[in-house]
Amino acid sequence: DLRGNGGGSDLMEDAILSYLYSADEPYTHEGTTKYRYNTAAGEWVSEFESTTLSAPAGTTPYLGEVVVLVDGECVSACEFLSYGLQRTGRATIIGQYATAGGGGSTNAVILPGNIQYNYTESTELDDETGMPTFQYVGVQPDVEVPVTEETEREKLEGGDPVMEVARAYLHGLELSNLDTMPVTFTEGTISTVAPAGWQPDPEGVKYTSPDRTSSMAFSAYTQSDAADADAVAAAIGEGTEKVAEHESEAGTWSIYNVSAGTQYVAMAVITMDGVPYVGLLAGEDEPMLAALTVNVLYPALDAFTVVAE
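Going left to right, the sequence shown walks through residues 43 to 351 as this note's numbering numbers them.
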């Protein structure tokens, strides 16, 4: 999380970068050229950056997924770090705003009144475009979190929408390669898929993840005469809010968020041949539920079949 980081030491920047690269695939400045203003020559002079960075001998680099959070107060060394990770494909940058766009070494001039004026003495250009890498424009987020009334209210109330998006993104990466297995619910009357390794309960109504933080259940809804998806959702709970629809071979599913105390629950409802069917998906937090909805619930809806008796 580099939000609010005003930069500083390029040695610290290099130290952090080194632990995210291996000796076989080190960090390099390939594709960029640094230019520094030479006072004697009166022009900008290119400087070849030959530095390569990798984890020190005897240590193990972290080569897993990396997400970097930035904002408009990420400046200088903060930007070189985030841009370097982005340029080499080593990290995903997430934020509501680009970084400040003001990196590089500076020279100082003392003005009358003992006022100090600093100006940039170097810059870095992209070899392909000939344009500054991030000067003036900042490091642009790969995943841009929208600035809306909802996100700003969330921040005023102590929330962190950028962190939530980052967690959902990482959860999504974690879940995107899940293997699935065919499963049945309610004594074999419903057939679909669930993540491999999820375990059924004795009643055959619910499957739960090995760490018991997530679960999924399907059943026909018979508790009332309601048949319309919205009516079924309202009958199940007052705190339901429709958030999406999902098309599958079975038809159109209505997706709802469900207020369930401390649990985070998504509900899917469809009516087939006059019979409503309900799927419930529970996760440990909102970001995880968002990732589970895409990577677990939607595949289950796509494979959903009612087994003829």
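Just so you know, these hints were derived from the structure itself, not from any lab. Small disclaimer: the values here were computed from a predicted structure and weren't measured. Beta carbons: idealized from backbone N, C-alpha and C, even for Gly. Fair warning: there could be bad hints in the mix.
Label pairs and their computed distance ranges (CB to CB) [stated by the list, open to error]:
id	residue 1	residue 2	range
1	Lys197	Ala65	40 to 48 Å
2	Gln305	Gly239	53 to 61 Å
3	Gly50	Ala273	58 to 66 Å
4	Ile58	Pro224	24 to 32 Å
5	Lys197	Gly100	23 to 31 Å
Here is how each hint holds up against the structure:
no., hint, verdict
1, Lys197 - Ala65: 40 to 48 Å, "42 Å, holds"
2, Gln305 - Gly239: 53 to 61 Å, "21 Å, violated"
3, Gly50 - Ala273: 58 to 66 Å, "59 Å, holds"
4, Ile58 - Pro224: 24 to 32 Å, "45 Å, violated"
5, Lys197 - Gly100: 23 to 31 Å, "43 Å, violated"
The structure does not agree with the numbered hints 2, 4, 5 stated previously, though it agrees with the rest.
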